[in-house]
Amino acid sequence: MLTGEGFQEVYNLSGGIKAWTGGKAEGPVELNLDMVRGDETPVEIVGLAYGMENSLGTFYRRVKDRTQDKELADLLENLAWIEDKHKQYLVNLYNDTESKQVSREEFEASETSRIMEGGFGIDDFLHKNERFLTSVPSLLDIAMMLETQALDLYIRFSRKTENGVTAEMLLRIADEEKAHLESLGRLRDERA
Amino acid sequence: MFDKMKRLFTPAKSMDADEARAFMRDRNEGTFTLLDVRQPGEYEKEHIPGALLVPLPKLSDSYEKMDKDRPVIVY
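Protein chains in written order, with my numbering: chain D, 2 to 193; chain E, 8 to 82.
Everything labelled a hint here was simulated from the structure, so no lab data went into it.
It should be emphasised that the depicted structure is a prediction, and the values quoted were computed from it without experimental measurement.
Incorrect hints may appear among the rest.
Straight line, CA to CA, 30 angstroms or less: simulated DSS-like cross-link-like pairs of lysine-lysine [what the hints assert, rightly or not]:
no.	chain 1	residue 1	chain 2	residue 2
1	E	Lys65	E	Lys52
2	E	Lys72	D	Lys25
3	E	Lys52	D	Lys129
4	E	Lys65	E	Lys75
5	D	Lys161	E	Lys65
6	D	Lys101	E	Lys52
7	D	Lys25	D	Lys86
Whole structure, please, built from the sequences with the hints as guidance.
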């Protein structure tokens, strides 16, 4: 149908979703879209993403504080460290795009969110998933699920966003999540 | 007229899952469209992250909102 309507390059995914071997997201199109109004400025959207990265790092460190398993603790610290790196990525992304510079300290100071990437609340998620946070393989599955939901949410945010610069930033954040997901997949394969 | 008829009967190419993953991995978001033409309930249960849901019965109403120059992967 699409090729007959002037679309230049159309591919059918053989086997559809059943054949898909990558991560899959869940939830309706509207899931967590109420976190954005649609008219956010770049600094607002980067601030929101910064808060979600920060909360996910907090989550990993809280789980780390509860475990006696050194391998698990090391992995949790590594995952939290990656979220710290993502926060710096966001600061750089913002400052590379906008003329009015905002420091990492300013983003940090304005951060009050308890919502992690993908739109999950820290306490609620911890409570519901405690049993999956006790081994390296299941923790990596949880980490990949969170990043998959995050990737999906950033792209859906971008579709709701009216400001072109803000929408473009959301797509670049989604690219970063996509790369993170690939590296988590490799790590999971190594540990399997 | 001939060109339009030719396009109408030009079958879309296929990609397997590995090819589609590599295609999406190697491109920035926003440079291609991942199109989910299933029903909302199927999308809600599971979908490929970033997919744009346009159920098949509504597809013909959505052509104008989509960028025809971008590659489209449909499932």
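Going down the list of hints, with the structure as the test:
Under the criterion of a C-alpha separation no larger than 30 angstroms, the hint pairing lysine 65 (chain E) with lysine 52 (chain E) is consistent with the structure, at around 20 angstroms. As the CA atoms of lysine 72 (chain E) and lysine 25 (chain D) are separated by approximately 25 angstroms, the hinted pair is consistent with the 30 angstroms bound. For a cut-off of 30 angstroms, the pair hint linking lysine 52 (chain E) to lysine 129 (chain D) stands: about 19 angstroms separates their Cα positions. Annotation: proposed proximity of lysine 65 (chain E) to lysine 75 (chain E) holds, straight-line Cα distance about 17 angstroms (limit 30 angstroms).
Using a Cα cut-off of 30 angstroms, the hinted pair lysine 161 (chain D) and lysine 65 (chain E) holds, with the two alpha carbons roughly 19 angstroms apart. A threshold of 30 angstroms between alpha carbons decides the hint, and for lysine 101 (chain D) with lysine 52 (chain E) the separation of about 42 angstroms lies outside it, so the pair is violated. Annotation: proposed proximity of lysine 25 (chain D) to lysine 86 (chain D) holds, straight-line Cα distance about 25 angstroms (limit 30 angstroms).
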